[in-house]
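Protein chains: 2
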Amino acid sequence: MKLLRSIESAFPIIEWGRTYSKQMFAEDGVAAVIVTIMLIPQSLAYAMLAGLPPEVGLYASILPLILYAVFGTSRTLAVGPVAVVSLMTATATAAIAAPGTIGYLETAIALAFLSGLFLLFMGVFRLGFIANFLSHPVISGFITASGLLIAFSQLKHILGVQTTGHTLPEQTVSMVSQLDLVNIPTVIIGSASIVLLFSIRNYMKAALIKAGLGARAADLVVKAGPIMVVVLTTVSTYFFGLADKGVTIVGAVPTGLPGLSVPGISFDLAADLAAAALLISLIGFVESVSVAQTLAAKRRQRIRPNQELVALGASNIASAVSGGYPVTGGFARSVVNFDAGAVTPAAGALTAIGIALATLFLTPLLYFLPKATLAATIIIAVLTLVKVEPIIATWRYSKRDFSAMAATILLTLLVGVEAGIAAGVILSFVLFMHRTTIPHFAIVGLVPGTEHFRNVLRHDVETADNLLTIRIDESLYFANMRFLEDKIYDLALGCPKIRHVVLMCPAVNNIDASALEGLEAMNHRLQDAGITMHLSEVKGPVMDRLQTTSFLDDLTGDVFLSQYQAWKMLANPAK
Amino acid sequence: MKLLRSIESAFPIIEWGRTYSKQMFAEDGVAAVIVTIMLIPQSLAYAMLAGLPPEVGLYASILPLILYAVFGTSRTLAVGPVAVVSLMTATATAAIAAPGTIGYLETAIALAFLSGLFLLFMGVFRLGFIANFLSHPVISGFITASGLLIAFSQLKHILGVQTTGHTLPEQTVSMVSQLDLVNIPTVIIGSASIVLLFSIRNYMKAALIKAGLGARAADLVVKAGPIMVVVLTTVSTYFFGLADKGVTIVGAVPTGLPGLSVPGISFDLAADLAAAALLISLIGFVESVSVAQTLAAKRRQRIRPNQELVALGASNIASAVSGGYPVTGGFARSVVNFDAGAVTPAAGALTAIGIALATLFLTPLLYFLPKATLAATIIIAVLTLVKVEPIIATWRYSKRDFSAMAATILLTLLVGVEAGIAAGVILSFVLFMHRTTIPHFAIVGLVPGTEHFRNVLRHDVETADNLLTIRIDESLYFANMRFLEDKIYDLALGCPKIRHVVLMCPAVNNIDASALEGLEAMNHRLQDAGITMHLSEVKGPVMDRLQTTSFLDDLTGDVFLSQYQAWKMLANPAK
Numbered sequence: 151m152k153l154l155r156s157i158e159s160a161f162p163i164i165e166w167g168r169t170y171s172k173q174m175f176a177e178d179g180v181a182a183v184i185v186t187i188m189l190i191p192q193s194l195a196y197a198m199l200a201g202l203p204p205e206v207g208l209y210a211s212i213l214p215l216i217l218y219a220v221f222g223t224s225r226t227l228a229v230g231p232v233a234v235v236s237l238m239t240a241t242a243t244a245a246i247a248a249p250g251t252i253g254y255l256e257t258a259i260a261l262a263f264l265s266g267l268f269l270l271f272m273g274v275f276r277l278g279f280i281a282n283f284l285s286h287p288v289i290s291g292f293i294t295a296s297g298l299l300i301a302f303s304q305l306k307h308i309l310g311v312q313t314t315g316h317t318l319p320e321q322t323v324s325m326v327s328q329l330d331l332v333n334i335p336t337v338i339i340g341s342a343s344i345v346l347l348f349s350i351r352n353y354m355k356a357a358l359i360k361a362g363l364g365a366r367a368a369d370l371v372v373k374a375g376p377i378m379v380v381v382l383t384t385v386s387t388y389f390f391g392l393a394d395k396g397v398t399i400v401g402a403v404p405t406g407l408p409g410l411s412v413p414g415i416s417f418d419l420a421a422d423l424a425a426a427a428l429l430i431s432l433i434g435f436v437e438s439v440s441v442a443q444t445l446a447a448k449r450r451q452r453i454r455p456n457q458e459l460v461a462l463g464a465s466n467i468a469s470a471v472s473g474g475y476p477v478t479g480g481f482a483r484s485v486v487n488f489d490a491g492a493v494t495p496a497a498g499a500l501t502a503i504g505i506a507l508a509t510l511f512l513t514p515l516l517y518f519l520p521k522a523t524l525a526a527t528i529i530i531a532v533l534t535l536v537k538v539e540p541i542i543a544t545w546r547y548s549k550r551d552f553s554a555m556a557a558t559i560l561l562t563l564l565v566g567v568e569a570g571i572a573a574g575v576i577l578s579f580v581l582f583m584h585r586t587t588i589p590h591f592a593i594v595g596l597v598p599g600t601e602h603f604r605n606v607l608r609h610d611v612e613t614a615d616n617l618l619t620i621r622i623d624e625s626l627y628f629a630n631m632r633f634l635e636d637k638i639y640d641l642a643l644g645c646p647k648i649r650h651v652v653l654m655c656p657a658v659n660n661i662d663a664s665a666l667e668g669l670e671a672m673n674h675r676l677q678d679a680g681i682t683m684h685l686s687e688v689k690g691p692v693m694d695r696l697q698t699t700s701f702l703d704d705l706t707g708d709v710f711l712s713q714y715q716a717w718k719m720l721a722n723p724a725k
Numbered sequence: 151m152k153l154l155r156s157i158e159s160a161f162p163i164i165e166w167g168r169t170y171s172k173q174m175f176a177e178d179g180v181a182a183v184i185v186t187i188m189l190i191p192q193s194l195a196y197a198m199l200a201g202l203p204p205e206v207g208l209y210a211s212i213l214p215l216i217l218y219a220v221f222g223t224s225r226t227l228a229v230g231p232v233a234v235v236s237l238m239t240a241t242a243t244a245a246i247a248a249p250g251t252i253g254y255l256e257t258a259i260a261l262a263f264l265s266g267l268f269l270l271f272m273g274v275f276r277l278g279f280i281a282n283f284l285s286h287p288v289i290s291g292f293i294t295a296s297g298l299l300i301a302f303s304q305l306k307h308i309l310g311v312q313t314t315g316h317t318l319p320e321q322t323v324s325m326v327s328q329l330d331l332v333n334i335p336t337v338i339i340g341s342a343s344i345v346l347l348f349s350i351r352n353y354m355k356a357a358l359i360k361a362g363l364g365a366r367a368a369d370l371v372v373k374a375g376p377i378m379v380v381v382l383t384t385v386s387t388y389f390f391g392l393a394d395k396g397v398t399i400v401g402a403v404p405t406g407l408p409g410l411s412v413p414g415i416s417f418d419l420a421a422d423l424a425a426a427a428l429l430i431s432l433i434g435f436v437e438s439v440s441v442a443q444t445l446a447a448k449r450r451q452r453i454r455p456n457q458e459l460v461a462l463g464a465s466n467i468a469s470a471v472s473g474g475y476p477v478t479g480g481f482a483r484s485v486v487n488f489d490a491g492a493v494t495p496a497a498g499a500l501t502a503i504g505i506a507l508a509t510l511f512l513t514p515l516l517y518f519l520p521k522a523t524l525a526a527t528i529i530i531a532v533l534t535l536v537k538v539e540p541i542i543a544t545w546r547y548s549k550r551d552f553s554a555m556a557a558t559i560l561l562t563l564l565v566g567v568e569a570g571i572a573a574g575v576i577l578s579f580v581l582f583m584h585r586t587t588i589p590h591f592a593i594v595g596l597v598p599g600t601e602h603f604r605n606v607l608r609h610d611v612e613t614a615d616n617l618l619t620i621r622i623d624e625s626l627y628f629a630n631m632r633f634l635e636d637k638i639y640d641l642a643l644g645c646p647k648i649r650h651v652v653l654m655c656p657a658v659n660n661i662d663a664s665a666l667e668g669l670e671a672m673n674h675r676l677q678d679a680g681i682t683m684h685l686s687e688v689k690g691p692v693m694d695r696l697q698t699t700s701f702l703d704d705l706t707g708d709v710f711l712s713q714y715q716a717w718k719m720l721a722n723p724a725k
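These protein sequence lines are chains R and H, in that order.
Read the first sequence against the working numbering and you will find it ends at 725, with the numbers running on by one and no gaps.
Read the second sequence against the working numbering and you will find it ends at 725, with the numbers running on by one and no gaps.
For the record, the hints were derived by calculation from the structure and aren't laboratory data.
Take every hint as true, because none was put in to throw you off.
Which copy is meant is left open, so a pair is good if it fits within one copy or across any two.
Using 27 Å as the maximum straight-line C-alpha spacing, the simulated BS3-like pairs for lysine-lysine come out as follows:
id, residue 1, residue 2
1, Lys637, Lys689
2, Lys152, Lys637
3, Lys373, Lys537
4, Lys537, Lys448
5, Lys395, Lys306
6, Lys689, Lys718
7, Lys637, Lys647
8, Lys448, Lys637
9, Lys689, Lys549
10, Lys448, Lys647
11, Lys448, Lys373
12, Lys373, Lys360
13, Lys637, Lys718
14, Lys537, Lys355
15, Lys537, Lys549
If you're wondering where the values come from, they're calculated on a predicted model, not measured in any experiment.
Let the sequences and hints guide you as you build the complete structure.
As structure tokens, this is what we get:
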């Protein structure tokens, strides 16, 4: 029974598959058609963004979707190539191999494989908590900076020039130096695509409804917008012979499904790609789970983050095995899938069939597709990633968080994606570590006429010259104990009249071995200085553990049940 | 005035120097003589342990002591070469250069320089908190393992063989393979030294007092024990011509003070040594501050840890500049200094003069000193580092802490000092990070007949089907927010009857930008699931900051002053 339940929990498909019906199949089918139409140009475009041949984007949209359907806990997440991960793939891969070579493709495939292994490992060992150390400001800063970087990197395709470099300054210099090589037909195709895509996305729906179309039909037309622009520009390029006038086209795309093979990865390559693979895994996971949770809540469904790691791991390994590159759950695509009425992950599997059919039959039609059109698709898609409002909100709310965010944005733009995210994480970490080393505590005194004790800085309370009472508001452990020790030595040894130190522990849930040694040392050192150390209001479980040690025997003072008892016994309020 | 105070705080010598008297000078002088007598053989021995010529140990005991006297906040800490740091120096240096070469000496000097820079940097930027991440179990395990490793490494000098390797297995294999080369005269000298040193340390004092000597005089004789053994074995070696019979002797030690020069360190060398230098700095600092605090408390004096970083940094740079190797505050030596009546750091400066005189006039007398005697001095000194009791105590108190300790001990012995300490720190860190990602919280219910709310798991309380109340016992920030979110989705979305979630926040002192976004997302997602989110008992300062955001406007529910008000308003106790 228990085994059965854990098998079910490892294969969520068993749960929803059991009650799958024709009705659900019909709903999933409709969603799959809509997502497929949206995914074809996106797959091609994101593969181009990653510096890879267009078919690699299609391959990454077949097998991974089927694996996610088997392992994923989200009913509506749409997995596949996404913009930010494509950018990260381009950066990491270009550091190892020259774009356009076989080595480049092999490196990107290895990256998907490694990042799949990382995800799987984290899922199996329940290490998803590692992703918690990517704070919101760091992620949000990173996504915004990536959006800008991606949009800017696509300008070269719109202008028809060849730029080099990954950072904003490198790309700008390279672009400016080639302004005289701009190809006018390419600029026309590119700009027209941008204007069309932008108009369809923002004005088409209202216009169609005004013209008498139903809201749902109008919606469908809007979603087919990118594929219409693809068709339009491809046909124009063919008819006007624009390829001969300098417009770069996609060219021959191999027909047929990808072959399956486990990529061979040398230890050196794995070592070189490890950091990038880990970052891609974490960023992909965080973004994907966030989308999945947002959509799941709308239908009161639940997401299991550790199982999501397994599902994304399996998807990435599947992508690598079938000649694809790193994938994750995409935001826009998942929302479309959800809105189109997908009820189970079967919609994803059906989408995979749609893409497989496209790979089998449609690729010859892509020959004259201009790269400028794909670039326009990317630009319109990623501009939604760039958000100024969270930057302002973070600045207003917390300067500490803002500094981590600003470091992430600036370094991502100026040095690169990995440097940006590393700077943000390290800065959050240092700020966080610094804070964890300072435990919350307060010197307290008696509220006159009561048995309550409050912070001497905030309340008008009675204190005694011979008695120092510290209320500790947190568990004590290796990282924060030394700060407390130093503070108490400062306070107690600095005032010659003090004879007793009472540690009031109502909020101490745990004392680790380091903190215990710290307390023991403090007891001895205070004793050497002629000061007695007491405890008060120690919680039951903490007291139980202390009783297994010799600490309570060595304690120079007493353990009081209430701070008021300690006060009555020890205080000498005469000033 | 403020400037003056900060100058005084940077140069503690100004404070104690102002009231320095003849009486204090006399007391410091006596202590200095005793420490000098103890330090001469120790300096030679620890230099040998570090694989360096004996004079390097003396050089490291002159200038560093003077710099510490200027910058240190401890009145009685005795700085100089110590066993554990010597071992770490040997390991780090041997990884770069072959022992006995000029390159080896230059590398050890560079290590002192780098570790001085690290300490100074941490002191100036008040980064001493970094050392808090070395937990007690890791440090104590590391010291014990180092003691064993050091004692074992000296056996070769007692046996008169040449072994290679740094780890316990390497050394054992190497020693066993050379057992037929053991030199009998060396074994006799070495064993006799060990027996003598051990007897003097443990039995001499009682015997002398029994024989009618005063306790203080007896104590002095015991402290002079190592130097007496040095004289005895040196004289024996000379008279019996043992050097010709295979006893390895110290040989010619250069006479005169060291020349001063800033060591030239290439960027490559600095990069290779950085990790080792950082570890040496941190271990040295932690041990030194611990000794300093123990002694300071006995006289109700105060230690400023960040200033100690500066003082130890200056001492190490001084050591490097004067041809010495890494130094720190030594435990045994500082206790002797304290017991001998040192009242100010001037005692350290006077000790430096004593060692300088020895360097000028005594080095020719060291020619026939057998290395086996120095090895015996080291073995007797480091065996006090090996403590089994803390290992047992940690095992009893916390399995989590014990696992970090055991990893440190095993890896230090089997792989090396750096691997050992790294494993311990990483393991403590992972355990710590994992814990920080899980905030303390409890589902609470109403204690019948009161207005109090308590944990439903521990108390018999009233709950309501339509209401989930979570008491959060900790501040919310990026590392722990996601866990809370996931938990609440699990709890709230899993029970179809729940209509309200109340977050009870009496212990939430801070909400960072990530946690705020988490709360916002939770509010929206619960809303999508038809659940209203409320807060109760929010602290004043937290409320003030929330009011600067749009969170409270968007909140689907209310903010209640007390949880009881929330209960009266929302609960539907009919089951």
